[in-house]
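Undergrad: Line order of the protein sequences matches chains E and B. Here the numbering used here is used: the first residue of the first sequence is 238, the next is one more, and so on. Here the numbering used here is used: the first residue of the second sequence is 9, the next is one more, and so on.
Hints listed in this document are in silico derivations from the structure and should not be mistaken for laboratory results. We treat Cβ as the ideally placed atom computed from N, Cα and C, and that holds for glycine. Incorrect hints may appear among the rest.
Only pairs whose alpha carbons sit at most 25 Å apart, straight line, appear in this in silico SDA-like list of lysine to any residue [said to hold, decoys possible]: (1) Lys377(E) <-> Ala339(B); (2) Lys301(E) <-> Arg411(B); (3) Lys377(E) <-> Ala324(B); (4) Lys332(E) <-> Arg336(B); (5) Lys373(B) <-> Ser321(E); (6) Lys377(E) <-> Gly409(E); (7) Lys102(B) <-> Arg200(B); (8) Lys180(B) <-> Arg161(B); (9) Lys373(B) <-> Asp471(E); (10) Lys377(E) <-> Asp264(B); (11) Lys377(E) <-> Glu281(B); (12) Lys377(E) <-> Asp321(B); (13) Lys373(B) <-> Pro441(E); (14) Lys332(E) <-> Ala356(B); (15) Lys377(E) <-> Arg360(B); (16) Lys102(B) <-> Leu58(B); (17) Lys301(E) <-> Val413(B); (18) Lys180(B) <-> Arg157(B); (19) Lys180(B) <-> Pro195(B); (20) Lys373(B) <-> Lys301(E).
Some chain E residues near chain B, calculated using beta-carbon distances under 8 Å [stated by the list, open to error]: (21) Leu313; (22) Ser337; (23) Gly338; (24) Met348; (25) Leu356; (26) Ala373; (27) Ser376; (28) Ser437; (29) Pro441.
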Amino acid sequence: MNKKPNHIQPTLSAGAFPSVQGMWKQYQSDAAQSLLPIGAPYVDERLRGGIAQAGLHEFFGGAKADSHAAAAFALLLAWRLPESDAGIFWISGDKERQTSGRLYPYGLSAMGGDPARMLLVQTADLRDALRAAADAIRSKAASAVILETHGNARLVDLTSTRRLALAAAETGVLALLVRGDAVPMPSAARTRWRICSAPSAPLPGNAPGLPTFDISLLRHRGGTAPFAARVTWDHATRSFFDAPLSGGLSAIVTDTKTGPASRQRA
Amino acid sequence: MVEKQRGAMRLAACDPAAHALGLTAGMALADARARVPDLAVFDHDPAADLNLLGWLADGCERYTPACMLDPPQGLLLDITGCEHVFGDAARLAKDLHARFSRHGLSCRIALGGTPDSAQAKARYAARAISGVPVEALDGGDKVHKALRRAGLRSIGDLAVRPRKPLAARFGKAVVVRLARLLEEEDPRITPRRSLPIIHVAQNFAEPISRTNDVLATIEMLAGGAAVQLQERGQGGRRFEICLFRSDGHVARLAVDTGTPTRDAALLMRLIRERIDALSDPLDPGFGYDLIRLEVSLAEVLANVQVGLETKIDTDAAAAALIDRLSVRLGAERIRQFHARQSHIPERAALERVAQSGASKADWPKPVPGEPAMRPFRLFETPQPIEVTAGFPEGEPRSFRWRRHVHRVTRVEGPERISPEWWRHARGYAPGNGSLTRDYYRVEDNEGRRFWLFRRGLYDEIERPLWYLHGIFA
Chain E
238 MNKKPNHIQP
248 TLSAGAFPSV
258 QGMWKQYQSD
268 AAQSLLPIGA
278 PYVDERLRGG
288 IAQAGLHEFF
298 GGAKADSHAA
308 AAFALLLAWR
318 LPESDAGIFW
328 ISGDKERQTS
338 GRLYPYGLSA
348 MGGDPARMLL
358 VQTADLRDAL
368 RAAADAIRSK
378 AASAVILETH
388 GNARLVDLTS
398 TRRLALAAAE
408 TGVLALLVRG
418 DAVPMPSAAR
428 TRWRICSAPS
438 APLPGNAPGL
448 PTFDISLLRH
458 RGGTAPFAAR
468 VTWDHATRSF
478 FDAPLSGGLS
488 AIVTDTKTGP
498 ASRQRA
Chain B
9 MVEKQRGAMR
19 LAACDPAAHA
29 LGLTAGMALA
39 DARARVPDLA
49 VFDHDPAADL
59 NLLGWLADGC
69 ERYTPACMLD
79 PPQGLLLDIT
89 GCEHVFGDAA
99 RLAKDLHARF
109 SRHGLSCRIA
119 LGGTPDSAQA
129 KARYAARAIS
139 GVPVEALDGG
149 DKVHKALRRA
159 GLRSIGDLAV
169 RPRKPLAARF
179 GKAVVVRLAR
189 LLEEEDPRIT
199 PRRSLPIIHV
209 AQNFAEPISR
219 TNDVLATIEM
229 LAGGAAVQLQ
239 ERGQGGRRFE
249 ICLFRSDGHV
259 ARLAVDTGTP
269 TRDAALLMRL
279 IRERIDALSD
289 PLDPGFGYDL
299 IRLEVSLAEV
309 LANVQVGLET
319 KIDTDAAAAA
329 LIDRLSVRLG
339 AERIRQFHAR
349 QSHIPERAAL
359 ERVAQSGASK
369 ADWPKPVPGE
379 PAMRPFRLFE
389 TPQPIEVTAG
399 FPEGEPRSFR
409 WRRHVHRVTR
419 VEGPERISPE
429 WWRHARGYAP
439 GNGSLTRDYY
449 RVEDNEGRRF
459 WLFRRGLYDE
469 IERPLWYLHG
479 IFA
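Isolated chain E (complex conformation) (with noise of 0.2 Å):
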């Protein structure tokens, strides 16, 4: 009875796919993997140096208007990938791009992206996308793919997510996968976040500051107990720094109930 159920293991019959149980076993252990700095290094230390280059990574949105948050964070990970050839695929079907509105390149270079490297991929449905997501993966032409989704969808499944896993461990791609206001369900994916924006650090005249996140790990499949953070974005140096929790709070807020802890999900 110590031994909980565990919807994670998958039964695979050992006969049938012996080689996807040997790379089952191989993605999930952690030893020999290329991590990726987040570059906060509070984050990268609870993290014991970073996410794996070669895995994929779910985003949850706090609430409902968080998952923009989920996509920016997403994105600027994969603008964390060092300078490449390969570009970076944003797979999105008709309906995310009809809520919650298109990628604008402007912003992009603002926050530091190379928008030319930025390949946009619209799908009619939610299976189109999981299998563009999959064979994006699998070629040699991206160094990131990212996969928005939104709403809690059936075919996000645990065999969905470990296609695409499997495909990201197999040849080092970062796949990213942005569930907005999902609920989380088991998948295959090897970090779970949730993120919401925070406060930023005002600029003089009160005005809006650099992109900050409330990012707290649910799970990690390397055993990294979960933790929550507080992250800045810096453009110049690419990378995120931490942001003091508290101190980076500004008087104006006075509304104590909005804190990252109240608006987690039930």
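Based on the hints, put chain B in the right spot on chain E.
TA: For chain B alone, kept in the frame of chain E given last:
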């Protein structure tokens, strides 16, 4: 078949049985009914006729790629250099006749040195051009009547006459037409489709219908096309597969590639994707008896050495992936950013089909220490919001968007963007065309950053409305 002509219902066409009863096209319906009381009458539908003609033309492309409609009921095929497949032109005509009769269609086939001569012979069922009546000149009733009155009844009569008086009397068009009828001048026909650069085809004695057989045939044809492309030093950008069904139906599959290619294996992958993506799957019916592969667009493709540089590897992989996704999802769904000279935010950035080639744009470099002045996400249509501002021209204090109230804690603005008055016909005038926008960067009490604007100044419009245009990271 009846049709309304000048206020009266008249017969537009009759079948052989009606002809036998003495009915002819052009007769008033009332007269026809008087003669044959139990006459079966249907509405004349020229559009359906034209559709049928187009369908027949598709089928006729098995003989030659140069095929042209000659409405209302003719088809012109340029079979120059195509007849050897059947032995000679007469055997080709026989095959064509057999196929038409299989559909219960009657047809008259005539062969001629020029399209005009063949057309006239078929229309007037004449064996030689000299026997064709002068109406074949298409010169109008007046000309035909005048010629008949002069005793000139057929093209043969005209052929022996000097041309100059004819031109003086009836105009140059008649003489040109005459020369074409007499095969002295050879105009080209304008094919319905542009002629392919390369085409390879495979005929079957017995129609094939299994998908694997079809794919194997296409692969063989692709290999043949690749050899021809190699000889020309070219690679194809657009490939078309024509599957001719034995009952006359033709299915066409087109595959576009982003870079020129002559890789048969790659082409086969794209074609498989294309077949998978079809909304209604290929229906082989009684089988295909001719499969043709056409290369309709080709570009120079030099031989490259692979393996020395990894960059070629990435580029080739990217091109292959874009092609695959384009075939499966549609080329317009794979896009890249493209800059345009405009300071209206939504006009300044476009998305272009990635397959049409990479666009080199110089995007502005970020300013160190300054946050982004443009959002990373922009709504296609600005979202209407309800804003509470301190005073009419003032900055927003709070706003309601998607049933959620956001209290603004930090704000920067306005950044004023004027409409592009030079795009409007009447030029610059206050409030001409569009309205001035005042943009604000705001952050709400939960730390979300938005890009809002007020559309219109208070001296332009009585009640300016507020919109949310973008989201900052």
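Undergrad: State for each hint whether it applies.
TA: Cross-check of the supplied hints:
1. A distance of roughly 20 Å separates the Cα atoms of Lys377(E) and Ala339(B); the hinted pair therefore holds under the 25 Å criterion.
2. Taking the CA atoms of Lys301(E) and Arg411(B), the gap is about 12 Å. The hint holds against a cut of 25 Å.
3. Among the hinted pairs, Lys377(E) with Ala324(B) is consistent with the structure: their alpha-carbon atoms are about 9 Å apart, no more than 25 Å.
4. Taken as a hint, the Lys332(E) and Arg336(B) pair is honoured in the structure, with Cα atoms around 19 Å apart against an allowance of 25 Å.
5. A C-alpha spacing of about 18 Å is found between Lys373(B) and Ser321(E), which places the hinted pair at or below 25 Å, so the restraint holds.
6. A distance of roughly 9 Å separates the Cα atoms of Lys377(E) and Gly409(E); the hinted pair therefore holds under the 25 Å criterion.
7. Restraint check for Lys102(B) and Arg200(B): the C-alpha separation of about 23 Å stays at or below 25 Å, so the hint holds.
8. As the CA atoms of Lys180(B) and Arg161(B) are separated by approximately 19 Å, the hinted pair is consistent with the 25 Å bound.
9. Between Lys373(B) and Asp471(E) the CA atoms are separated by roughly 14 Å; this keeps the pair inside 25 Å, and the hint holds.
10. Proximity of Lys377(E) to Asp264(B) is assessed by CA-CA distance (about 21 Å); at most 25 Å being required, the pair is judged to hold.
11. Restraint check: the Cα-Cα separation between Lys377(E) and Glu281(B) comes to about 19 Å, which is no more than 25 Å; the hinted pair holds.
12. Taken as a hint, the Lys377(E) and Asp321(B) pair is honoured in the structure, with Cα atoms around 8 Å apart against an allowance of 25 Å.
13. For the suggested pair Lys373(B) and Pro441(E), the alpha carbons sit about 22 Å apart, so the restraint of at most 25 Å is met.
14. Among the hinted pairs, Lys332(E) with Ala356(B) is consistent with the structure: their alpha-carbon atoms are about 24 Å apart, no more than 25 Å.
15. Restraint check for Lys377(E) and Arg360(B): satisfied, since their Cα atoms lie roughly 22 Å apart, inside the 25 Å limit.
16. Under the criterion of a C-alpha separation no larger than 25 Å, the hint pairing Lys102(B) with Leu58(B) is consistent with the structure, at around 24 Å.
17. Of the supplied pair hints, the one linking Lys301(E) and Val413(B) holds, its CA atoms being roughly 13 Å apart against a limit of 25 Å.
18. Between the alpha carbons of Lys180(B) and Arg157(B) the distance comes to roughly 20 Å, so the proposed pair stays at or under 25 Å and holds.
19. Proposed proximity of Lys180(B) and Pro195(B) is supported: the alpha carbons are some 16 Å apart, at most 25 Å.
20. In summary, the hint linking Lys373(B) to Lys301(E) is not supported, as the alpha carbons are separated by about 32 Å, beyond the 25 Å threshold.
21. Because the smallest distance between the Cβ of Leu313(E) and any Cβ of chain B comes to about 7 Å, under 8 Å, the interface hint for this residue holds.
22. At about 6 Å, the closest approach between the beta carbon of Ser337(E) and any beta carbon in chain B falls short of 8 Å, and the interface hint on this residue holds.
23. Of the supplied interface hints, the one on Gly338(E) holds, with its beta-carbon coming within about 4 Å of a beta-carbon of chain B, less than 8 Å.
24. Checking Met348(E) against chain B by beta carbon gives a least distance of about 5 Å; that is within 8 Å, so the hint holds.
25. With 8 Å as the threshold, the beta carbon of Leu356(E) comes within range of chain B, its nearest partner Cβ sitting at about 6 Å, so the hint holds.
26. Because the closest C-beta pair between Ala373(E) and chain B is about 6 Å apart, less than 8 Å, the hint holds.
27. Restraint check, Ser376(E) versus chain B: the minimum CB separation of about 4 Å is within 8 Å; hint holds.
28. Satisfaction of the interface hint for Ser437(E) is found here, the shortest Cβ-Cβ separation to chain B being roughly 6 Å, below the 8 Å cut-off.
29. About 10 Å separates the beta-carbon of Pro441(E) from the nearest beta-carbon of chain B, more than 8 Å, and the hint is not met.
In the structure shown, a violation is registered for the earlier hints numbered 20, 29, in ascending order.
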